[in-house]
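Following the hints, put chain V with the ligand in place on chain U, whose structure we already have.
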Amino acid sequence: MEPLRQLAKEKLSGRKIFAVMSAKGGVGKSIFSAIFSLVLSEKEDVTLIDMDIHTMASSKLFGFEGKLHEVSKNGIEPFNIGRLNLISLSGVVKNNYVILPGGNQSSVMESLISFSNLKGNVVFDMPPGLGDELLVLEKLANNYSPLVVTTPSKVSIKVVKYLLDYIEKEKGKKNVSLVVNMAYFNCDDKIVKPFGSVNYDELKYEGYSFDKIVEIPIDPKIEDYIGRIQDYSGEIKEKIKNDFLK
Amino acid sequence: MHEWSVADAVIRTVINWAEENHVKEVTKVKLGIPSYSFLEVDILKEAFDMMKKDSVLDHAELEIVIKEPTFVCKNCGYEFSSNDVKDQLDTVRSEFGEEYPLHLMPALAPSFLKCPKCGSHDIIVKSQDITIDGIEVKESGTAETVS
Ligand SMILES: [Zn+2]
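Chains as they are written, first to last, in numbering that gives the first Met the number 0: chain U, 0 to 245; chain V, 0 to 146.
So that you can see chain U by itself, here it is in the shape it has in the complex (with noise of 0.2 angstroms):
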């Protein structure tokens, strides 16, 4: 019998699991995640899980980088930014970085979660493709709500499919939505596509459905808020607000 997964499980029971998901790396995710986090946090308790234990860019967004997460009776004490608390790997590893083979990460993961103090729903910024973490997160909670996070380039949509065949055709989840990140900026009240436009008609015609659509701006000044992320207040936020939480 293994003790951690039984807990993990437990502790994730009862509360509603968003999983922020991309086929490839680079498209923006974990600003999405942190953002989208922020977002709900404003009228609710939400416990941010970084799960890309390679790149762990949460800390990094919001300014933890380099802290250790407390540890006390009830476990890993998240980082806390009001209402939002963040889980990341890297407040148990610091700067050192992480090699891990592959029954070791599901390991790591569900000692994460099961050794955490969340609070309230959680939202996982999961690590790009198709990984033990998916599987992990399956195990579970199976029950997630994925936020699969692409841009309008060909090539990320073309990736971004193998991701939905598996859970639209193979897991039959009905509750996807597609981020498309990226994907205009406006430009004195005129919208420019510099990555072009993703073609819906096209994917609804191959038998994709999604619960919700978001497209995302982009925003240059997000770059001044890296590791201050929780004081933007710009575009990106507006449009995830009006989108998601309507």
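Heads up, a few of these hints could be off.
Using C-beta positions, here's what the derived DEER-type ranges look like [as the list claims (entries may be wrong)]:
hint	chain 1	residue 1	chain 2	residue 2	range
1	U	157	V	40	52 to 60 angstroms
2	V	23	U	225	51 to 59 angstroms
3	V	115	U	234	41 to 49 angstroms
These aren't lab readings, by the way, just hints derived from the structure by calculation. Glycine residues also receive a C-beta, built at the ideal position from the N, C-alpha and C atoms.
Chain V with the ligand alone, transformed into the frame defined by chain U:
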């Protein structure tokens, strides 16, 4: 302090198991922990005894077996024990203090340890998980073991 969350995990698992199997009284829980997790056995037992109250585990004893892991280097095939990498473990402890990574998550071993022979991080660890290896229950006056 981490011992309290481990005790919590163990107790919840056994309670669930007992419910599923209609067991009324558990007398002993055998717990295997990897030696390089450096969990304090005394604190773990204390936490277990505090948290078990008013449950099916009220009279249960916690028996802890420290599992000596075997590390196998996939690069050169060398097999070694945690004793062979004691100096490396001490370094981790001195960098992180009490709540160091391997204490929380023994599965992180390949990130912090390397093969003493060839220096590779490509190592497999056997028995890295905390496991419940056996439960003894009292059934109509007799004790029986389930594992
Ligand atoms: Zn070696």
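Results for each hint:
no.: 1; hint: U:157 to V:40: 52 to 60 angstroms; in the structure: 54 angstroms, holds
no.: 2; hint: V:23 to U:225: 51 to 59 angstroms; in the structure: 57 angstroms, holds
no.: 3; hint: V:115 to U:234: 41 to 49 angstroms; in the structure: 54 angstroms, violated
Checked against the numbered hints above, the structure breaks only hint 3 and satisfies the rest.
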